[in-house]
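All chains should be modelled from the sequences, with the hints used to inform the complete structure.
Now for the letters of each chain:
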Amino acid sequence: MATKTLLQAIHDGLAEEMRADETVMVMGEDVGRAGGVFRVTQGLQEEFGPERALDTPLAESLIAGSAIGLSVNGMRPVAEIQFADFIPPAFDQIVSEAARFYYRSNGAWNVPITIRAPYGVVPGGALYHSQSVEAYFCNTPGLKVVAPTFPADAKGMLKSAIRDPNPVLFFEHKRTYRMIKEEVPDDDYTVPLGEARIHREGTDITVCAYGLVLYTALQVAQRFSEEHGIEVEIVEPRTLYPLDKETILNSARKTGKFLVISEANLTGSVSGEIAAVVAHEAFEWLDAPVMRLGAPDVPAAAFARPMMDFFVPGEERIEAAMLELARY
Amino acid sequence: MATKTLLQAIHDGLAEEMRADETVMVMGEDVGRAGGVFRVTQGLQEEFGPERALDTPLAESLIAGSAIGLSVNGMRPVAEIQFADFIPPAFDQIVSEAARFYYRSNGAWNVPITIRAPYGVVPGGALYHSQSVEAYFCNTPGLKVVAPTFPADAKGMLKSAIRDPNPVLFFEHKRTYRMIKEEVPDDDYTVPLGEARIHREGTDITVCAYGLVLYTALQVAQRFSEEHGIEVEIVEPRTLYPLDKETILNSARKTGKFLVISEANLTGSVSGEIAAVVAHEAFEWLDAPVMRLGAPDVPAAAFARPMMDFFVPGEERIEAAMLELARY
Amino acid sequence: MERTQARHEALDLDESDLLRMYRAMLLARRVDERSWILNRQGKAAFVISCQGQEAAQVGAAYNMRPGYDYVYPYYRDAAITLFLGQSARDQFLSLLGKKEDPNSGGRQMPGHFSSRKLNIVTASAPVGVQYPQAVGSALAFKMRGEDGVVLVSGGEGSTSQGDWHEAMNFAGLHDLPVIFLVQNNAYAISIPEKLEVAGSIASRAAGYGFPGHAVDGNDVLAVYETAKEAFERARRGEGPTLIEARTYRLTAHSSDDDDRRYREREEIEEWRQKDPILRFEKYLAEVEVLDEEKREEIDAEIKAEVAEASDYAESAPYADPEEVLERVYAEV
Amino acid sequence: MERTQARHEALDLDESDLLRMYRAMLLARRVDERSWILNRQGKAAFVISCQGQEAAQVGAAYNMRPGYDYVYPYYRDAAITLFLGQSARDQFLSLLGKKEDPNSGGRQMPGHFSSRKLNIVTASAPVGVQYPQAVGSALAFKMRGEDGVVLVSGGEGSTSQGDWHEAMNFAGLHDLPVIFLVQNNAYAISIPEKLEVAGSIASRAAGYGFPGHAVDGNDVLAVYETAKEAFERARRGEGPTLIEARTYRLTAHSSDDDDRRYREREEIEEWRQKDPILRFEKYLAEVEVLDEEKREEIDAEIKAEVAEASDYAESAPYADPEEVLERVYAEV
Ligand SMILES: Cc1ncc(C[n+]2csc(CCOP(=O)(O)OP(=O)(O)O)c2C)c(N)n1
Ligand SMILES: Cc1ncc(C[n+]2csc(CCOP(=O)(O)OP(=O)(O)O)c2C)c(N)n1
Ligand SMILES: [Mg+2]
Ligand SMILES: [Mg+2]
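So the protein lines, in turn, are chains A, B, C and D. Residue numbering for the first sequence follows the working numbering, beginning at 1 and increasing consecutively. Residue numbering for the second sequence follows the working numbering, beginning at 1001 and increasing consecutively. Residue numbering for the third sequence follows the working numbering, beginning at 2001 and increasing consecutively. Residue numbering for the fourth sequence follows the working numbering, beginning at 3001 and increasing consecutively.
None of these hints come from the bench; they were simulated from the model.
To be clear about the criterion: a stretch of chain A counts as covered by chain C if any three or more of its residues have a C-beta under 8 Å from a C-beta of chain C, and this derived list gives those stretches:
(1) 57 to 71
(2) 102 to 109
(3) 164 to 177
Positions of the beta carbon are idealized from the N, C-alpha and C atoms, including for glycine.
Spelled out as structure tokens, the structure:
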């Protein structure tokens, strides 16, 4: 085992799957010769050639649509959308097409594609290089939407996504690409889709989060234990659609106090669904209202750093929400 | 006052606004010469000519995008998307562009457009002429999303939408176009956006719904009063984004029992947000878990009638959910 | 004096080829006609027709190797799918939304074709989405060094969508083995060509660096000839071709449409004179492949097949409503 | 013997026109150069350059009536917006995300231009979205019978998007007064033209029924001439024009990009020789509009202006963070 960044882990997952299965390929804008704007696909074109590491034109609908067509003719494409903010042109091909081939053909045609998209606020990114767009896709049966936070999970889940017979959207928080590091197993392992993960057991409150805000929440939780004697249980959904309700609900029922955090604009975000599920199915166990924390309901993070920092739910806001819930 | 169908009321609202303001225009596929596939725009081209009742090519991104461009150069376009199912190609222009012009230009450029889209299950419509896609748009600050159910509201809210300086998505449940009739005032009136409506006062449970399921719920509620002595309060959001939380919460706090119904696939639908808001902000008043009823989590309604009927939350399922809540 | 070579002979087609083409066209027509009857009888909720476009469809599809080449049909392509191997029964089972509907098990509207066996990729309603998918499938053939070809079909209205352009560009960039068959039937529902197509469709191919042909879409041999060249070119690895088959939609857009709102009866009448089936019959008579007796015999056979198929479908069961819940995700 | 008419004279341009063009180009260049310095100093988070494209931009924009015609610029169009009336200060305020940034109040990245007064329509990052919007604005001019023209600009990469095609088609259908200015700088980030553009961009206009011109984008007079014709045509109500200005991106894609990963230094060097500003200076010297002294004087003026503007922006305040919450919706 070696310590790897999130970025390296994803790169390795791709490279290993391409080595193991010659139908696996990567495609997208700048993923080939240049190795990706974040360098996730670096070296893949050298190793696998210009077709299996394919530089596409600037056309997201084409990227998603042609990935579908490749997949129904024997390939397993991993398409990259350069920034999650630029996934809307591919929206139709993803939600109307990829997600429905199997259902509409009564099980005859399935679409084994993976679409990777870096999301999340990053300094200098501003309105169109910062968004958390996952909620757009979490009302679409037939699609799987995953957003792992930690390197080992990301590598294992990416392999599961590639091997999955269904279309999988794979979100990566770009600000954490080099920030989050951990030991990543060298052997060929997978982490199943559809399973939440308990990062930290606790008895007082549950915090459900993913991405950068999960990373922050884990640090705050550690401090809470030391400073306030509050034991926070932390659940990471890992898969956002369909949800692992059982793991989430078990935690909610255990602590009776539930907070869900995401970096997306609060209203209409995935945390609404999570909160609704908990409020319904853990009602009898709840000692406090289900709480949510997110970004304000404005289009996205601004460019100027002070405004950007104001937008993101950071340590202070997370801490305040956790304290409020614990003291309820 | 005359009795009008939902369809007539919307038609009249359009015609009146076009008469009153020469910058108002309609545009879309088949809206001109043919008067629209549902005949909502019938007669408008005869009266206002081929430009102000504009037949566009089959290109939804163009329809939304050119409406934006028209609106920033003095016009007030009302664009029609023939079926809500075909709005995904326009997704980028709506969520990335129309919704953000104002914010991103720091208030310099606003986009006064209205986009009408018929939604909802209809016999024979099947997977791609049946969807309730409103949740796709309810995580997008800068956009207003409305879905009135009754003719008088629809006409008044359409006028408000057209006069609103912001982009407004206007959803119309197509199965109710000719089904729902009521008296509609003749004079020039508006119904404000952003305000929920209480259709029926009640003390035992609150039902929050819109579209066809609202219509059904109202009938069930009437019977409940007669048959079971259960008094159901019915709230129609009318505007789905941003929500009129106050009216919804007042009702939830009053009855302590809250059910939200929509025709969309349950998971990730707008009812998740509504339930989350109620669960959070009416927690202390709740005597039962916040309940939700929706369509099953499968892509959309099927073509064969028996399957279609199974998909839609109909009278039986609505009645069962209401009883379960009332008896909780 | 030597007998001049007939058009089909110059194309290496023999009598049996001509009769196969004719049968496919006529079968599609008769299935379609019967569908409208079922609609008027209140039995079929929705009909969408291929009438008038049978020559364009059969002429192109005749070049395919069913089950090897891929096809992305659009909702009017019944003559393509019938030619490739779907049956009249399949059409009616789908029309009536029955459990045995091979396209979707009753889930989709009629005309949304699918067959894994025949490489008919599942079609949907959003116009234009098939194009990027088709070029993807063509790229897969190319990557594997196979000589498979992808036929992708749509109406002229579908060329207004961005997806069409993105696919044309990609096909041109990588010399993909794909044929864009645009069936220009003069209308997109009510919108006439002059309000939807600037310039001309066929001429656009040049801008992407590959050939585009406008062809008389009511002449099955003309379409066959153009498509043959295109298929051969694709198989040789030389890249895509765009074919604009100029034709006419003889029925209303669908059973939900009333076309009197937007087009003159005379215009339809004019085009009825150019009906591709009548026209092909005339040719077949001229080259003495078909006399009236033989024609009636074939028609009677087809009508019997259609009647049987329609009856079968009528009495076939619906899927259990709870099947709605099945097959949302493929099993891992 | 009569003196041969100079190129600019044939275009009805006088000395002051030439100097206005030159100043705009040079100002854009100097602002850009200073931006990179601020970036290296850690003061500017992000730079995206117009270097190499100044001639294409000024040549086209010189035909506009600021505040009347509409422009939909893309992120490299600093020379257009500077020419139309934005100031060096504006550019640096935006570069540093300060409150006074006229484009967005510090909300957007640099290069996302906006000015209500100058009819510079607010630009964003998603590539290609401007095209449908631009044709909408052109239709508004046409509907009101006004002779306004819309200039819409983008890189060659943006033509790969469906939106470009949908807008081209619509412009052709309605003879809209819009000019598509495609600045073909040979790359879309790392993707070279041969992997993004099948056929050729200029040649595509024919397929939509209107003129398309490929022009040397490093020759300001050539671009001006082509654009002049296009603007006049649009004002006469004769419809759209596509201009492909062939040029080269002299810098990396942006300050976040390392272009050594995908292009040779020699290629850049070659194009540095064709720098549009050097080239125009040569012309100006030839026609005796600019001698070295005058050139230095202008450059000094501009450098002073740039220095002042940069200092001003550096010391200008940020917006209050809570402004994030403001101006999400326009007031009813
Ligand atoms: C994206 C999308 N928008 C609108 C529709 C509604 N619609 C169905 S068919 C059609 C016209 C298609 O015209 P064309 O492509 O010429 O095919 P034709 O029906 O004439 O054969 C329209 C507008 C749709 N199915 N998909
Ligand atoms: C829809 C979308 N996809 C991807 C990107 C990321 N991106 C920004 S600029 C660019 C290349 C644009 O190339 P081109 O249009 O040729 O303009 P240039 O930068 O060369 O001037 C890409 C891929 C984006 N901004 N928008
Ligand atoms: Mg057509
Ligand atoms: Mg470029």
